[in-house]
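Engineer: In order, the protein sequences belong to chains A and B.
With the working numbering applied, the first sequence corresponds to residues 327 to 764, in that order.
With the working numbering applied, the second sequence corresponds to residues 327 to 764, in that order.
Please keep in mind that the hints were generated in silico from the structure rather than gathered at the bench.
A couple of the hints might just be wrong.
If several chains are the same, the list does not tell them apart, and a pair holds so long as it fits within one copy or across any two.
As the list claims (entries may be wrong) - Below, simulated EDC-like cross-link-like pairs (lysine to aspartate or glutamate); rule was C-alpha separation at most 20 Å, straight line:
{"hint": "1", "residue 1": "K505", "residue 2": "E630"}
{"hint": "2", "residue 1": "K763", "residue 2": "E428"}
{"hint": "3", "residue 1": "K499", "residue 2": "E457"}
{"hint": "4", "residue 1": "K763", "residue 2": "E623"}
{"hint": "5", "residue 1": "K367", "residue 2": "E601"}
{"hint": "6", "residue 1": "K367", "residue 2": "E720"}
{"hint": "7", "residue 1": "K763", "residue 2": "D444"}
{"hint": "8", "residue 1": "K684", "residue 2": "D444"}
{"hint": "9", "residue 1": "K763", "residue 2": "D635"}
Number of protein chains: 2
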Amino acid sequence: MSNAFRIDTTRRKARLGRLLTPHAEIETPVFMPVGTQATVKAIPQDTLEELGAQIILGNTYHLYLRPGVETVRRMGGLHEFMSWRRAILTDSGGFQVFSLNELRKVNEEGVTFRSHLDGSSHFFSPESAMEAQIWLGADIIMAFDECTEFPADRARARASMQMTARWAARSKKYFEEHKHEVLWSAPSQIPTLAAKSAARMGHPDHVGTAALGCPAEQSSAAAPASSRSPGQPGAAVTTQTIAAPQSEQTQSLFGIVQGGMDRELRKESAERTIEIGFPAYAIGGLSVGEPRELTREIVESTLEHLPSDKPRYLMGVGTPEEIVEYASLGVDMMDCVLPTRAARHGLLFTSEGKVSIKQARYAQDPAPLDPNCGCRVCQRYSRAYLRHLYASNEVLAQLLNTVHNLSFYLDTMRRVRHSISLGEESRFLSGLWSRPKP
Amino acid sequence: MSNAFRIDTTRRKARLGRLLTPHAEIETPVFMPVGTQATVKAIPQDTLEELGAQIILGNTYHLYLRPGVETVRRMGGLHEFMSWRRAILTDSGGFQVFSLNELRKVNEEGVTFRSHLDGSSHFFSPESAMEAQIWLGADIIMAFDECTEFPADRARARASMQMTARWAARSKKYFEEHKHEVLWSAPSQIPTLAAKSAARMGHPDHVGTAALGCPAEQSSAAAPASSRSPGQPGAAVTTQTIAAPQSEQTQSLFGIVQGGMDRELRKESAERTIEIGFPAYAIGGLSVGEPRELTREIVESTLEHLPSDKPRYLMGVGTPEEIVEYASLGVDMMDCVLPTRAARHGLLFTSEGKVSIKQARYAQDPAPLDPNCGCRVCQRYSRAYLRHLYASNEVLAQLLNTVHNLSFYLDTMRRVRHSISLGEESRFLSGLWSRPKP
Numbered sequence: 327m328s329n330a331f332r333i334d335t336t337r338r339k340a341r342l343g344r345l346l347t348p349h350a351e352i353e354t355p356v357f358m359p360v361g362t363q364a365t366v367k368a369i370p371q372d373t374l375e376e377l378g379a380q381i382i383l384g385n386t387y388h389l390y391l392r393p394g395v396e397t398v399r400r401m402g403g404l405h406e407f408m409s410w411r412r413a414i415l416t417d418s419g420g421f422q423v424f425s426l427n428e429l430r431k432v433n434e435e436g437v438t439f440r441s442h443l444d445g446s447s448h449f450f451s452p453e454s455a456m457e458a459q460i461w462l463g464a465d466i467i468m469a470f471d472e473c474t475e476f477p478a479d480r481a482r483a484r485a486s487m488q489m490t491a492r493w494a495a496r497s498k499k500y501f502e503e504h505k506h507e508v509l510w511s512a513p514s515q516i517p518t519l520a521a522k523s524a525a526r527m528g529h530p531d532h533v534g535t536a537a538l539g540c541p542a543e544q545s546s547a548a549a550p551a552s553s554r555s556p557g558q559p560g561a562a563v564t565t566q567t568i569a570a571p572q573s574e575q576t577q578s579l580f581g582i583v584q585g586g587m588d589r590e591l592r593k594e595s596a597e598r599t600i601e602i603g604f605p606a607y608a609i610g611g612l613s614v615g616e617p618r619e620l621t622r623e624i625v626e627s628t629l630e631h632l633p634s635d636k637p638r639y640l641m642g643v644g645t646p647e648e649i650v651e652y653a654s655l656g657v658d659m660m661d662c663v664l665p666t667r668a669a670r671h672g673l674l675f676t677s678e679g680k681v682s683i684k685q686a687r688y689a690q691d692p693a694p695l696d697p698n699c700g701c702r703v704c705q706r707y708s709r710a711y712l713r714h715l716y717a718s719n720e721v722l723a724q725l726l727n728t729v730h731n732l733s734f735y736l737d738t739m740r741r742v743r744h745s746i747s748l749g750e751e752s753r754f755l756s757g758l759w760s761r762p763k764p
Numbered sequence: 327m328s329n330a331f332r333i334d335t336t337r338r339k340a341r342l343g344r345l346l347t348p349h350a351e352i353e354t355p356v357f358m359p360v361g362t363q364a365t366v367k368a369i370p371q372d373t374l375e376e377l378g379a380q381i382i383l384g385n386t387y388h389l390y391l392r393p394g395v396e397t398v399r400r401m402g403g404l405h406e407f408m409s410w411r412r413a414i415l416t417d418s419g420g421f422q423v424f425s426l427n428e429l430r431k432v433n434e435e436g437v438t439f440r441s442h443l444d445g446s447s448h449f450f451s452p453e454s455a456m457e458a459q460i461w462l463g464a465d466i467i468m469a470f471d472e473c474t475e476f477p478a479d480r481a482r483a484r485a486s487m488q489m490t491a492r493w494a495a496r497s498k499k500y501f502e503e504h505k506h507e508v509l510w511s512a513p514s515q516i517p518t519l520a521a522k523s524a525a526r527m528g529h530p531d532h533v534g535t536a537a538l539g540c541p542a543e544q545s546s547a548a549a550p551a552s553s554r555s556p557g558q559p560g561a562a563v564t565t566q567t568i569a570a571p572q573s574e575q576t577q578s579l580f581g582i583v584q585g586g587m588d589r590e591l592r593k594e595s596a597e598r599t600i601e602i603g604f605p606a607y608a609i610g611g612l613s614v615g616e617p618r619e620l621t622r623e624i625v626e627s628t629l630e631h632l633p634s635d636k637p638r639y640l641m642g643v644g645t646p647e648e649i650v651e652y653a654s655l656g657v658d659m660m661d662c663v664l665p666t667r668a669a670r671h672g673l674l675f676t677s678e679g680k681v682s683i684k685q686a687r688y689a690q691d692p693a694p695l696d697p698n699c700g701c702r703v704c705q706r707y708s709r710a711y712l713r714h715l716y717a718s719n720e721v722l723a724q725l726l727n728t729v730h731n732l733s734f735y736l737d738t739m740r741r742v743r744h745s746i747s748l749g750e751e752s753r754f755l756s757g758l759w760s761r762p763k764p
């Protein structure tokens, strides 16, 4: 068991949990910043750590093309290559490949596609997508699925969902046969969880541990074991609230539910995916152009068919209100490019609404971007300065804007967790954040 | 006296000194990173502090056009606008205006030029350049000069040098009449030097203080005075090794020596500028396309005509070897866009030579960029990762590359200072740094 999941508290449908991965213990619900090309755009890794990112995403399609999975493996795997010591999740490449539209051909075997970089021809199958992800070496990897386009008629959505199910079985089969090939599968390869946990306890972004039954003393006591290695005498594994894996560690493969915008097909997809059997289930194929109400409806109905004791990952959403809402529905993991991409376009999320920093109204505004935000950008710089950097096409604008937006998202999720832990009704569903600031 | 200068040690022609400005005490020889548009490109201000930058440059021409000196003044001046608490130097705009070539017309009164941003017409005179710099509010400002083009015949170089001298007199006259208009001229406007000094003493980039007779205890004892303001009872100014200004503070205006590549004209320019009288002298008009040998020759001969008790600022140079060499000739201050600009083009200075990180040879190189460098980039990332970021056009490449190059420059200058303080022959003139890494 490489990725253990435990639910500590529930509040209506919302769950507060802990997901133990080989590189980090993750508090859920969690928001995962997207690091497409082995970098969360514009942000150094130490800043990501400071922001409290527990797990980030990498995109298999992009990394496969550049620098190539062989290069990443030779450099010690994705964690080592990008010097990120916490958890990583890679997607299967399916979503990116399906975004290529004219550049791909799908058949039962897999997908032939052309590189967006140089037009070269490539082929992804469930097996090769698993191989690529095992080589990259993320903590969590995803089954190879077909992301059904929107709109799609029922026959098309059904056929696509069925292929996803067949590909899920092939993904699992390949993974089970090859999962020990991940570079760090030997226990000595990874810094021990005890050391990690000790480090984590001292981190300012850690909220509500006492209430969650993970006393600091226990983790501190475990710290001396940090140098243990297999043959080392006296290197006993110390007891923790969540036991550290004591045998060979591997990645976890998550299944993905598809089925378009059809509740029945989603139910069938969930059942078939559960039948194959995965340690966690993702909901894919949403945020592909459908109205937001429909997204919510499909999420809510699909969640009913997923096992309550397994992590649920909603892929590719959403605005700050949406991630709060989905957490309240019982989603445990989410990712989205919105905070980072919007930041690069000068669109900033604040407690007072969405700010377009390029607007002339901010040119002489000495106030911090968000007076209620404690991030290093809001603590140091004015709206006038941020507006100047953006208007002057300065690289620093991208960095500072991204730091703030990620801080806003990660802080939002911390508050959600805190609110679940206190058994409080969420105070964060105001619906104001994504509206323009008045 | 707003900018006091003291020479602590000399080694042949090289000098180790301290320049006291209203916002910071600067150890010289000093390298000043260039922050053209109120940002050292790609680098957040806290990272600049961590790198040990004591003083940075702003460009009056760029800030005048965008966001405008009125905006900067309304936002509290350049320090406040960009949230930079250490020292700033602004150039007069002369060099940038003269770089516009076809877009300018010069007469005795000043220069008419067109904005490179929108083609709009503007006029800079010695008086308006001083006004702009007083409004920006840097610690050190520069006389408005004409940067003589290269090559130029003797008549042209002489006429240009003479105009620079007349403009220097006008610059000084305007400055003396208006220097009290700087926003922070009242003593209470600036955090006290005692507080700054206390903060500085705790900074890891501080080298050789004990040898320089500035004991930490004294600074610490002075810290409680940090909240003093004019009418506050009991807010006595405490004694420090270098006394804090006790009266109204102003900017310092530096004079600039021109004269093209002619030693005689340089001598005459130095004499005329000294006759006008400035607290420090800059050597301008070099690094404009002339051979490096000629630059050195002109620098060396010009320095002979500058007073030894005043700071000497060589504008717009150079490579790592050059800044070491000029420091050994007795230059106290230097600035250059080279470390930041080269970084953005993937050219990195290391103790083993210059690295072009885009080269395929680094694609699978797990070593740090410079094994002898302690910067946060070399401590965390591999050449393979830096190469991937650069090849993938990732913004993080610009940030990490710039952090390393600035670290290399600032560290080089720290070593120069340390070596002067120990009375050692500089070990840093190997001439290897700017050659390609073998």
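Engineer: So, for every hint listed, does it hold in this structure?
Structural biologist: Outcome of the hint check:
1. K505 x E630: Intra 30 Å, inter 72 Å, cutoff 20 Å: neither.
2. K763 x E428: Intra 39 Å, inter 44 Å, cutoff 20 Å: neither.
3. K499 x E457: within (12 Å within a copy, 74 Å between copies)
4. K763 x E623: neither (28 Å within a copy, 60 Å between copies)
5. K367 x E601: neither (38 Å within a copy, 54 Å between copies)
6. K367 x E720: Close inside one copy (15 Å) and across copies (7 Å); limit 20 Å.
7. K763 x D444: Close neither inside one copy (42 Å) nor across copies (30 Å); limit 20 Å.
8. K684 x D444: This pair counts as between: shortest inter-copy Cα distance 18 Å, intra-copy 34 Å.
9. K763 x D635: Cα proximity of K763 and D635: none, with 39 Å in one copy and 56 Å across.
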